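S.K.: Heads up: the sequence shown begins at 398 in the working numbering, then just goes up one per residue.
Be aware that a few hints might be false.
To be verified - Pairwise CB distance ranges, derived in the manner of DEER restraints:
id, residue 1, residue 2, range
1, Val513, Arg672, 19 to 25 Å
2, Glu538, Lys588, 31 to 37 Å
3, Glu538, Asn585, 15 to 21 Å
4, Asp531, Asp438, 46 to 52 Å
5, Leu583, Ser633, 23 to 29 Å
6, Glu464, Ser683, 21 to 27 Å
These are calculated hints, taken from the structure and not from any lab test. Please read these numbers as outputs of a predicted model, since none were measured by experiment. Virtual Cβ for every residue (Gly too), placed ideally from N, Cα, C.
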Amino acid sequence: MPYLSLLDFPGNEFLKPTLEDEPEQSASSTDEEFDGVVQADFSFFDPKPDDFHGVKTLLQTYLDDKEWDLSGFVDLILEQTTVGTVVKIEDDEDEGLFACVTALNLWRYRGQKCIVEIKDFLLHKASQVMGVADQLRLLLEEQACDIGLLVSQRVVNLPPQLLPPLYNALFDEVSWATEDEPTEDLRNSFKFKHYVILSKIYKHKNVEQKRKVSNDGDEAIIYIKPEGEIFQKLSSWSFIFPLRTQQPAPHEFAKYLLHVMNVETPTKDCLELVRELLEPLIKVRSERSFTRRKLSILVQHLFLQHQL
398 MPYLSLLDFP GNEFLKPTLE DEPEQSASST DEEFDGVVQA DFSFFDPKPD DFHGVKTLLQ
458 TYLDDKEWDL SGFVDLILEQ TTVGTVVKIE DDEDEGLFAC VTALNLWRYR GQKCIVEIKD
518 FLLHKASQVM GVADQLRLLL EEQACDIGLL VSQRVVNLPP QLLPPLYNAL FDEVSWATED
578 EPTEDLRNSF KFKHYVILSK IYKHKNVEQK RKVSNDGDEA IIYIKPEGEI FQKLSSWSFI
638 FPLRTQQPAP HEFAKYLLHV MNVETPTKDC LELVRELLEP LIKVRSERSF TRRKLSILVQ
698 HLFLQHQL
């Protein structure tokens with residue numbers, strides 16, 4: 398049964414993705430393959446074993462084209478039922494899975510093969526960026542007990558109105574887990590001071606030319622997910638590395654941007670900021686007059702109002 402039933406969004410139509418029983422057939426099917434236009438109500442559910450193939454499909458390119466223990470990673474997500482959400486169509490749970498969000502403590506799962514492989518993957522990529530590898534190694538190895546790997550994957554055109562309640566659910570569950578988990582170790586494992594987030598972006602090919610004609614370097618980057626803009630602003634540092642599995646993006650290169658969101662300042666303030674910024678960002682992005690500059694101005698204005 399869903400623990401949260403979402404309101405119908407009037408007139409909302411979305412392209413329904415094809416979720417195959419064998420997700421290995423297409424690593425990019427999550428973002429590219431669709432099967433018609435439908436109208437639907439969505440509900441949030443706790444993850445369960447039956448969601449295995451749906452979650453695995455969403456995560457097919459989580460580590461680009463790397464061969465790794467993806468099945469083990471999906472199992473971790475599904476086994477952690479107190480923190481984590483999947484999105485499905487209401488009254489039709491078997492039809493498909495459209496989003497998954499969770500936060501996994503890197504220290505708690507440090508012995509799992511999939512977590513070791515994620516760390517190795519990130520450290521390898523960071524080694525190619527000057528000045529980043531040491532910071533990342535310190536974070537992943539010496540501060541792992543304070544880190545939540547924030548995993549948020551969804552079909553590319555999931556209605557953006559779902560994002561605020563989806564993140565509200567995640568942050569609420571994390572907060573509840575710090576009080577309600579049965580052991581002190583488990584309660585402490587959700588007291589995150591950092592979130593590590595992998596988020597796909599598009600970066601214009603002619604970055605240097607754009608910087609010459611605009612003082613706003615951020616305009617060279619397009620955040621596919623609205624929340625990516627917020628996490629970048631909250632990050633203490635971040636780095637970018639190119640994807641090997643390029644997806645169609647005319648005039649742009651697709652790259653991964655790793656956000657490290659430092660929440661050593663009061664956690665409640667940072668998370669409340671994410672909640673408050675999401676709705677206006679989504680509204681602006683949906684307007685016909687939407688521009689990157691307009692969005693950047695809005696983000697800067699909102700951050701000035703919420704100095705952390």
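S.K.: Is 19 to 25 Å right for how far apart the beta carbons of valine 513 and arginine 672 are?
M.R.: Since the Cβ atoms of valine 513 and arginine 672 sit about 33 Å apart, the hinted range of 19 to 25 Å is violated.
S.K.: Does the Cβ distance between leucine 583 and serine 633 fall inside 23 to 29 Å?
M.R.: holds (27 Å)
S.K.: When you take the CB atoms of aspartate 531 and aspartate 438, is the distance between them in 46 to 52 Å?
M.R.: holds (48 Å)
S.K.: Can you tell me whether the CB distance of glutamate 538 to asparagine 585 sits inside 15 to 21 Å?
M.R.: 18 Å Cβ-Cβ, so the 15 to 21 Å window holds.
S.K.: Taking the CB of glutamate 538 and the CB of lysine 588, does the distance hold inside 31 to 37 Å?
M.R.: Violated, at about 19 Å.
S.K.: Please check whether glutamate 464 and serine 683 have a Cβ separation lying inside 21 to 27 Å.
M.R.: At 38 Å between Cβs, range violated.
Comparing the model with each earlier hint shows violations of hints 1, 2, 6; every other hint is respected.
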